[in-house]
Amino acid sequence: MNQEETKQINQDRILSEGIERELYDFRDEETDAQFYRMKEGLTEEIVREISEMKHDPEWMLEFRLKSLALYDQIKMPDWGPSIDGLNMDNIAAYVRSRSDMKGSWDEVPEDIKNAFEKLGIPQAERESLAGVGAQYDSELVYHSVREDVAKQGVVYTDMESALTGEYEQMVKDHFMKLVPPTDHKFAALHGAVWSGGSFVYVPKGVKVEIPLQSYFRLNAKGAGQFEHTLIIVDEGADLHFIEGCSAPKYNIANLHAGCVELYVRKNARLRYSTIENWSRNMYNLNTKRAIVEEGGVIEWVSGSFGSHESYLYPTSVLKGEGSHAEFTGVTFAGAGQNLDTGAKMIHIGKNTSSFIDTKSISKGGGISTYRSSVEIRKSAEGSKASVNCGSLMLDSISRSDTIPAVDVRTDKADVGHEAKIGRISDDAVFYLMSRGIPESEARAMIVSGFASPVSKELPLEYAAEMNNLIKMEMEGG
Amino acid sequence: MAEKLVEIENISAGIEEGQILDGVSLQIGPGQTHVLMGPNGAGKSTLGNVLMGNPVYRVSGGRILFDGQDITELGADKRAQLGMFMSFQNPLEVPGLSLEEFIRNAIRQKTGKPIKIFQFKKQLAEAMELLGMDESYAGRDLNVGFSGGEKKKAEILQLLMLRPKFAILDETDSGLDVDAVRTVSKGIEEYQKREEGSLLIITHSTRILESLHVDHAHIIVKGRLVASGGEELVAKVNEEGFEAFS
Amino acid sequence: MKIAVNHLPVLTWNQNKLNNAEMEVSDGLLSSGIAKASAVHPLKYNLPEGISRQDGVSAEKLQEIFEQLGIRNPKEAVVAGKFPMYNRQRFGTGMGKGIDDLLKDYPAQIFTVESGCRSDRTVKLHYSLAAGKEALGRIFIHAKAGSESTFLLYYSALPEECEYLDECGKCEIQQELREQKLSKSEEGSATDGRGFVGAQTYLYLEKGAKVHFSAVQMLQEEAVFFHDIGTFLAEESELTMAKLDLGAGTVYEGLNTLQAGDESRFDMDFGFLGLPGSFMDINYNDVFLGKKAEGRMYFKEALMKGAEKSFRGTVDFRQYSTGSKGDEQEDIILLGEDIINKTIPLILCEEEDVDGRHAATIGSLAEDMLFYMQSRGISKKKAEEMVVRATLQHISGMIPSESVKKAVKNYICRIFE
Numbered sequence: 001m002n003q004e005e006t007k008q009i010n011q012d013r014i015l016s017e018g019i020e021r022e023l024y025d026f027r028d029e030e031t032d033a034q035f036y037r038m039k040e041g042l043t044e045e046i047v048r049e050i051s052e053m054k055h056d057p058e059w060m061l062e063f064r065l066k067s068l069a070l071y072d073q074i075k076m077p078d079w080g081p082s083i084d085g086l087n088m089d090n091i092a093a094y095v096r097s098r099s100d101m102k103g104s105w106d107e108v109p110e111d112i113k114n115a116f117e118k119l120g121i122p123q124a125e126r127e128s129l130a131g132v133g134a135q136y137d138s139e140l141v142y143h144s145v146r147e148d149v150a151k152q153g154v155v156y157t158d159m160e161s162a163l164t165g166e167y168e169q170m171v172k173d174h175f176m177k178l179v180p181p182t183d184h185k186f187a188a189l190h191g192a193v194w195s196g197g198s199f200v201y202v203p204k205g206v207k208v209e210i211p212l213q214s215y216f217r218l219n220a221k222g223a224g225q226f227e228h229t230l231i232i233v234d235e236g237a238d239l240h241f242i243e244g245c246s247a248p249k250y251n252i253a254n255l256h257a258g259c260v261e262l263y264v265r266k267n268a269r270l271r272y273s274t275i276e277n278w279s280r281n282m283y284n285l286n287t288k289r290a291i292v293e294e295g296g297v298i299e300w301v302s303g304s305f306g307s308h309e310s311y312l313y314p315t316s317v318l319k320g321e322g323s324h325a326e327f328t329g330v331t332f333a334g335a336g337q338n339l340d341t342g343a344k345m346i347h348i349g350k351n352t353s354s355f356i357d358t359k360s361i362s363k364g365g366g367i368s369t370y371r372s373s374v375e376i377r378k379s380a381e382g383s384k385a386s387v388n389c390g391s392l393m394l395d396s397i398s399r400s401d402t403i404p405a406v407d408v409r410t411d412k413a414d415v416g417h418e419a420k421i422g423r424i425s426d427d428a429v430f431y432l433m434s435r436g437i438p439e440s441e442a443r444a445m446i447v448s449g450f451a452s453p454v455s456k457e458l459p460l461e462y463a464a465e466m467n468n469l470i471k472m473e474m475e476g477g
Numbered sequence: 001m002a003e004k005l006v007e008i009e010n011i012s013a014g015i016e017e018g019q020i021l022d023g024v025s026l027q028i029g030p031g032q033t034h035v036l037m038g039p040n041g042a043g044k045s046t047l048g049n050v051l052m053g054n055p056v057y058r059v060s061g062g063r064i065l066f067d068g069q070d071i072t073e074l075g076a077d078k079r080a081q082l083g084m085f086m087s088f089q090n091p092l093e094v095p096g097l098s099l100e101e102f103i104r105n106a107i108r109q110k111t112g113k114p115i116k117i118f119q120f121k122k123q124l125a126e127a128m129e130l131l132g133m134d135e136s137y138a139g140r141d142l143n144v145g146f147s148g149g150e151k152k153k154a155e156i157l158q159l160l161m162l163r164p165k166f167a168i169l170d171e172t173d174s175g176l177d178v179d180a181v182r183t184v185s186k187g188i189e190e191y192q193k194r195e196e197g198s199l200l201i202i203t204h205s206t207r208i209l210e211s212l213h214v215d216h217a218h219i220i221v222k223g224r225l226v227a228s229g230g231e232e233l234v235a236k237v238n239e240e241g242f243e244a245f246s
Numbered sequence: 001m002k003i004a005v006n007h008l009p010v011l012t013w014n015q016n017k018l019n020n021a022e023m024e025v026s027d028g029l030l031s032s033g034i035a036k037a038s039a040v041h042p043l044k045y046n047l048p049e050g051i052s053r054q055d056g057v058s059a060e061k062l063q064e065i066f067e068q069l070g071i072r073n074p075k076e077a078v079v080a081g082k083f084p085m086y087n088r089q090r091f092g093t094g095m096g097k098g099i100d101d102l103l104k105d106y107p108a109q110i111f112t113v114e115s116g117c118r119s120d121r122t123v124k125l126h127y128s129l130a131a132g133k134e135a136l137g138r139i140f141i142h143a144k145a146g147s148e149s150t151f152l153l154y155y156s157a158l159p160e161e162c163e164y165l166d167e168c169g170k171c172e173i174q175q176e177l178r179e180q181k182l183s184k185s186e187e188g189s190a191t192d193g194r195g196f197v198g199a200q201t202y203l204y205l206e207k208g209a210k211v212h213f214s215a216v217q218m219l220q221e222e223a224v225f226f227h228d229i230g231t232f233l234a235e236e237s238e239l240t241m242a243k244l245d246l247g248a249g250t251v252y253e254g255l256n257t258l259q260a261g262d263e264s265r266f267d268m269d270f271g272f273l274g275l276p277g278s279f280m281d282i283n284y285n286d287v288f289l290g291k292k293a294e295g296r297m298y299f300k301e302a303l304m305k306g307a308e309k310s311f312r313g314t315v316d317f318r319q320y321s322t323g324s325k326g327d328e329q330e331d332i333i334l335l336g337e338d339i340i341n342k343t344i345p346l347i348l349c350e351e352e353d354v355d356g357r358h359a360a361t362i363g364s365l366a367e368d369m370l371f372y373m374q375s376r377g378i379s380k381k382k383a384e385e386m387v388v389r390a391t392l393q394h395i396s397g398m399i400p401s402e403s404v405k406k407a408v409k410n411y412i413c414r415i416f417e
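Residue numbers (the working numbering), protein chains in the order written: chain A, 1 to 477; chain B, 1 to 246; chain C, 1 to 417.
Misleading hints may appear alongside valid ones.
To be verified - Some chain C residues close to chain B (C-beta under 10 Å, calculated; not the full set):
1) D368
2) Q374
3) S375
It is worth saying that the hints were derived from the structure and are not from the lab.
Using N, Cα and C, we set each Cβ at its ideal position, and we do this for glycine too.
Next up, chain A with everything else stripped away, as it sits in the complex (with noise of 0.2 Å):
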């Protein structure tokens, strides 16, 4: 790919003023010498082979291209967890298994089986999810929302569809043009091998009553790895999206790269919350943004239970005068897991503000960092931003780490930061166990309370679910 092509994917992007390339991961400052080579794995032919399969439209299958150049040239982060156990030669193969994936329910790991039991999941819920696999599709699930919300004029429906159907020029406009595929290693191979996930649209003063739910997207095309998820909250909308829930979703594969993209317009509201449950096996390396104009609020609310190793920051670009994001998150990491998750806050316009409340769990040898980024613009004058963050340790072979940056550029702007690490304190647990309840029930109960600003956020079914992953965790689950 030559330099004019990198330039019009630069170009394409629409969000030319206020976000600046300095936006974005790993790009363009990496040295050789830090860094090594990806080795190619993955071939045009089998790009092309997607694209055709999923019958693109062309300027798709010229955006795949074009990522597929990006992704070869761009090089691979130097911080964070160590990827090496990624075995990248393998890329063109989880991406091809990716159509030969069956989804069925005996085709589920052990592991994961079991923790369904232990979540206590209705049978019928879980034979619904079962037949969701064995029929590679969720139509029931989608449909039965998709006619409930249909009346207000929401669009809700998978990616594929929206691409080739009446939203095509609404896709068009936004696909990656909020995570351009220049963005790292990972948007790169996302533009170029994606598929699957979702499209929302909600139009103007619409207020969504009942959360859409994405439960289940194991669908035909196996779009697991690689789902798409775009949203678009017109002005004075409301919404509030759940993703992923605690139903842990099979991968054949070992590699996670999807990306969200949520655009969330004036005085619109737009909840996305994710329960993330992963199987051990999995390198996530997701990519999540949301632009919000004048007025309008975005409330990202994160679980992360799963994966072997995440690369998680869900990004709010505070573009509008008044605009605001929140933040509310909670990571577990048990044994063999190490999470790489946080969050990052861009303030741009006048009178931003932010708000970022996580927690860290490190258990069993497992490790927790909490990484962020809140950045206050010098045209975000009137501007706040709070970071609170709190890391609990289970025990002496884990590891906890904090990494929180601040960088502001207007001295009229107020920003707060305070992280604490700690570990169960001997006395609560002693004041429970003398009210009768035996000790490692006291310290889950303890752990659920540290989580609490998390599970407190989400409704009801999925916070008794989350505590459950908690309690399962707690106990060696």
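Using the hints, position chains B and C against chain A.
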């Protein structure tokens, strides 16, 4: 000078979470001492802070006049420069800034003129003696390591040195022992007679009022003034508590 | 040429530009090395009984001494992400190996505090430097078991006229200047004439040793200044530190404290005033290895118009550092436009039984403090200035020298008038 020094007209105010004051009106004449009493959480301190212009509280209705001038939108420093003062319940600590320097800076800001240092030192020493403060406190860092009583005395010391026309005393007697209350009262008396200043004394007990002359008393319950009267109201609260007013 | 310094102990996003800093060093300084760079010689040695000095210790010899003393810089037990290469120093410093390399041909001075020494007299090392001159210095303070000592490093511009008058109107440091002739760079091969002063300081505290260490920098605004500190604290030792950076327009500060022994204490207060257009880069790490160790690092800073500052502060609990407590706080008041203020306060932890905290406030004065000041008729601008002055004054109060305190006070007065 206006006939009324402070005019509170139908003020409603609160914090983000909700309204606290609900249409409070009150007038204080020059040289008058008013007492504001009420149970915990009634809005006493809120009224004091709103008068002084604490940005934590948002005024949602009404206005405040001082010396005939509408000060509802004015910053706290401007109000102080016009001659208002408030003694804080919990004065803040500033390591590295001595009490004396602080007072000197405040006077300089108010008058805009250099201070006659000899005269200043003399006045400071006199005021400190009146309040029974050891002179070493002048050189100590502002409120750092001061006991509760010392902090309250340092507030009254500022009252005497800054010589405002009107002072709000927010729970100045809380947490003080009998002797300290007496000393603080002495300081307030001195202010009353020397400056002929007006006072709004916010308190939930009546101890501090024993030795002070009071012109008017007001009872606030749930953000509204429910009774106003003379000194006899204080006696009534002493006997019956606030229940009679709610 | 540029050398990489102040490495963040764990790497993060490159676009934050906080993973390290680059310090410009004039080629002249390096090629001519020690010959042309004037040694930073204290104006006056004021050694109390029980403290001795040894000059001209080579870098190799210094490393040998470190090895004999059992100083080491252990690796993490569990590694989370990718680390930079700062670990490679035997005696870790905040600015890192780049400074070791820069000073590899540069002899050090060793101050040894004997066990019996319980001096409350300050060893005051006053480095005075004319505008445009270059100087590098390297010091190793070895405090033996149970000793107590006080050190003050004072870097000042060579005063053309005395600015520091005592109460009788006599110049306080003129006297010292006359007594000791300054060693000056002969050709003055200064970094574009701005002046360049660099110091590396090692502090090794044996069991139960106590050291009060202060460093005050008040060079001319054009100067570049760096101070790279490494400390190693054995069991029950106590290090208190006060640092003030007030003068130089370009400053690099690094510190690595290894609380190696059980029950060691480290207490640090840092004050910094970023003049208009100045640049400051800080990397301070407190590493806990021993049990029941306690560390506290407080940073108070003010940035004036156009000032740029990057701050890295790390509390690092290693495995088995049970019962340890680490506390770090950074408060920054922004006094002008066009500032760049970057802050990254890290907590790294691989031990359950610890208590760690860090906090930062960036912006204007806290609302309640501002209201208190304003209720006394003091404007916002004046209130901020008063608090900044008070803060610097507060840290200055910890410095064990009346003349330096006075110099600081005069300096602050001058800045804010």
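Taking the hints in turn, this is what the structure says about them:
1. Residue-level restraint check for D368(C) holds (minimum Cβ-Cβ distance to chain B is 6 Å; threshold 10 Å).
2. Interface restraint check: Q374(C) against chain B, minimum CB-CB distance 4 Å, threshold 10 Å, status holds.
3. Of the supplied interface hints, the one on S375(C) holds, with its beta-carbon coming within about 5 Å of a beta-carbon of chain B, less than 10 Å.
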